[in-house]
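Student: Protein sequences appear in the order of chains A and B. Take the first sequence: its position 278, counting from 1, is numbered 278 in our numbering, and each next residue is one higher. Throughout, our numbering is defined as the position within the second sequence, counted from one, plus 1000.
Calculated from the structure, these hints are not laboratory results. Any given hint might turn out to be false.
Think about it this way: if two alpha-carbon atoms lie no more than 30 Å apart in a straight line, the pair counts; the simulated DSBU-like pairs of lysine-lysine are [stated by the list, open to error]:
1. K101(A) / K1235(B)
2. K49(A) / K266(A)
3. K34(A) / K103(A)
4. K242(A) / K1017(B)
5. K1166(B) / K34(A)
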Amino acid sequence: MQIKDLFTKKKYATIPSEPRKRDIPEGLMNKCSKCGTIQYSKELEKNLKVCSSCGHHFRLTAWERIGITLDEGHLLEYDADMESVDPLAFPGYASKLEQQKSKSGLREAVVTGEGTIGGFPVVAAVMSFDFFTGSMGSVVGEKITRAIEAAHAKRLPLLIFSTSGGARMQESILSLMQMAKTSAALSKFQGDGGLFISVFTDPTTGGVSASFASLGDYNLAEPGALIGFAGRIVIEQTIRQKLPDDFQTAEFNLQHGQLDKVVHRKDMKATLTKLLDMHVAREGTSYGG
Amino acid sequence: MAGELPFEKPLNDFRQKIIELKSLSVEKGIDFSEEIARLESRCKQLEEELYSELTPAQKMHMARHHQRPTSLDFIQAVFTDFIELHGDRLFADDLAIVGGLAKLNGVPVTVIGHQRGKDTRDNIARFFGSPHPEGFRKALRLMEQANKFKRPIITFIDTKGAYPGKTAEERGQSEAIARNLREMAGFGVPIVCVVIGEGGSGGALALGVGNRVLMLENAIYSAISPNGAASILWKDASRADQAAEAMKITAKDLLEFGVIEDIIAEPQGGAHKDLEFQAAQIKDKLWKHLEELLPLTGEQLIEDRYNKFRKVGQYRIPEQRVEAAGSKQAGVSPAAQSLSGGAPKETAPEAAPTVQ
Chain A
1 MQIKDLFTKK KYATIPSEPR KRDIPEGLMN KCSKCGTIQY SKELEKNLKV CSSCGHHFRL
61 TAWERIGITL DEGHLLEYDA DMESVDPLAF PGYASKLEQQ KSKSGLREAV VTGEGTIGGF
121 PVVAAVMSFD FFTGSMGSVV GEKITRAIEA AHAKRLPLLI FSTSGGARMQ ESILSLMQMA
181 KTSAALSKFQ GDGGLFISVF TDPTTGGVSA SFASLGDYNL AEPGALIGFA GRIVIEQTIR
241 QKLPDDFQTA EFNLQHGQLD KVVHRKDMKA TLTKLLDMHV AREGTSYGG
Chain B
1001 MAGELPFEKP LNDFRQKIIE LKSLSVEKGI DFSEEIARLE SRCKQLEEEL YSELTPAQKM
1061 HMARHHQRPT SLDFIQAVFT DFIELHGDRL FADDLAIVGG LAKLNGVPVT VIGHQRGKDT
1121 RDNIARFFGS PHPEGFRKAL RLMEQANKFK RPIITFIDTK GAYPGKTAEE RGQSEAIARN
1181 LREMAGFGVP IVCVVIGEGG SGGALALGVG NRVLMLENAI YSAISPNGAA SILWKDASRA
1241 DQAAEAMKIT AKDLLEFGVI EDIIAEPQGG AHKDLEFQAA QIKDKLWKHL EELLPLTGEQ
1301 LIEDRYNKFR KVGQYRIPEQ RVEAAGSKQA GVSPAAQSLS GGAPKETAPE AAPTVQ
């Protein structure tokens, strides 16, 4: 190369090319939907699916939740076979149910059963948003009610992790009545001294938020979880105002007196254990671990 | 004619023709009496055809009719000695819910209802009958008072739903509704609820956990308004009529599902055509059901109410199957069946060994 060549501008031809595909195998990496940080899925899992950068709590499926909450991840499941029918013959419902089953690997939007937490026996109901947005139809209502009744009969504490888009409109009035059914069961259980710990996870809205989920003796929530009755868009259209960004978050609800405590996922099991420990049966009390 | 619904137009055209013919016969002195009589009998026939079997969508429009009597209209017409009581003692007096003391056939009761407005100004003050948390808490306060003094509770349900607002969420809309559901389940006095217009979602149910739930013939009751369902399902709220057909929202449907116990007849053309007749019908049915409940003890009433709601829902437990491994006694589910209504239930919980 000659010296003068250094001062001439080289001309490059641009060749249109496909953007380079990342050759990362599917599922190896995960992008945080909140802050965009990309992290190894394995790391994320080790972190209980909480973003290491911004602390965003990813949604968990029912079995993931059971895995990190119950001792040895073990749940003795109740009513595992119970399935939805199509009582209204609602257009598209039957096929949507099938699609949700194969997508999520679940039969319905809640898993119920019993196990132990920190050695304390509990009856647990864990909802899964990945089945039909966690919506409550007859099966969810029935399984939750049976779980409450089982806790009552066995005199065990009841723990419910909620996540739901609300009532399942494909079962319309029957869905709505599940709100009354579950709340009535809680009336009996709690009225008889039963302990109910409710944990809101992202998101818990509509008919679930307006029934059993709000009725805990202790109401906890994961950070950032969306908790509310009406949807943001409906509210904005009704009051013709833009709502603040933190509207209906767990922190917003805590600030407005709707929650006892917001608990980080890594502290959840310890917090639950501590709470259960406070309720160990003593002389003269009928309930406890 | 004022307040005519679109589907009533043919009938009104007919009536108009009869009026024209009558005035023509007076003006011109021609005798159209035969013609008029024929038209009138045809009109009557048409009326009967039109109103005998309204579609769900037509009922929805009837239930939302702006002239339809409200809770206060019925409270005045059905009861005597009404004393309205106000406020939740915590925050405010929500005018979307009215309530107080009254007598039904001489028996003191607590009566509570959603209250729509009569005109725009009234509607704004009453949030179109959509309560905030303070409304539900006002209702709860009055119900607790009724429970203390052993008065039966009567509620009138008529709302599109709980108010979707910022302050409503801040003050715990969910908690207010949920608490009403749980507390209503536990009251040892008779509770009779009547859906008089639109029963929309949790905001309606928050006054709806009764021993008996009755519905006016053209009232509707659903988990989400047909407009809301249409906008979610088809991204088009204007297809509410179509959603109304799919959602099984009528009194007849709900009676079949075991969600309500009785239907109260409406005058031909809807409740707004004859308030006096409608109030008499409501009074009859209210009294009939109350008379059945009054002899029951507090515990029996709670049990009766529990059983009513406990059995609502339809599901299936497919085939015989052994429960999860590790179970001492394998739980066996009943063979393929579709459970509904009061079918007996026996399943898994007992299968689980006690973890200790």
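Student: Take the C-alpha atoms of K34(A) and K103(A), compute the straight-line distance between them, and say whether it is at most 30 Å.
Tutor: This hinted pair holds, its Cα atoms lying about 24 Å apart.
Student: Check whether the Cα positions of K1166(B) and K34(A) lie no farther apart than 30 Å.
Tutor: 24 Å, holds
Student: Decide if the proposed pair is consistent with the structure: K49(A) and K266(A), CA atoms, cutoff 30 Å inclusive.
Tutor: Holds, at roughly 10 Å.
Student: Does K1017(B) sit within 30 Å of K242(A), going by the straight-line distance between their CA atoms?
Tutor: Distance ~52 Å between K242(A) and K1017(B) Cα, so the pair is violated.
Student: Regarding the pair K101(A) and K1235(B), is the alpha-carbon distance no greater than 30 Å?
Tutor: 24 Å, holds
Checked against the numbered hints listed earlier, the structure breaks hint 4 alone; every other hint is satisfied.
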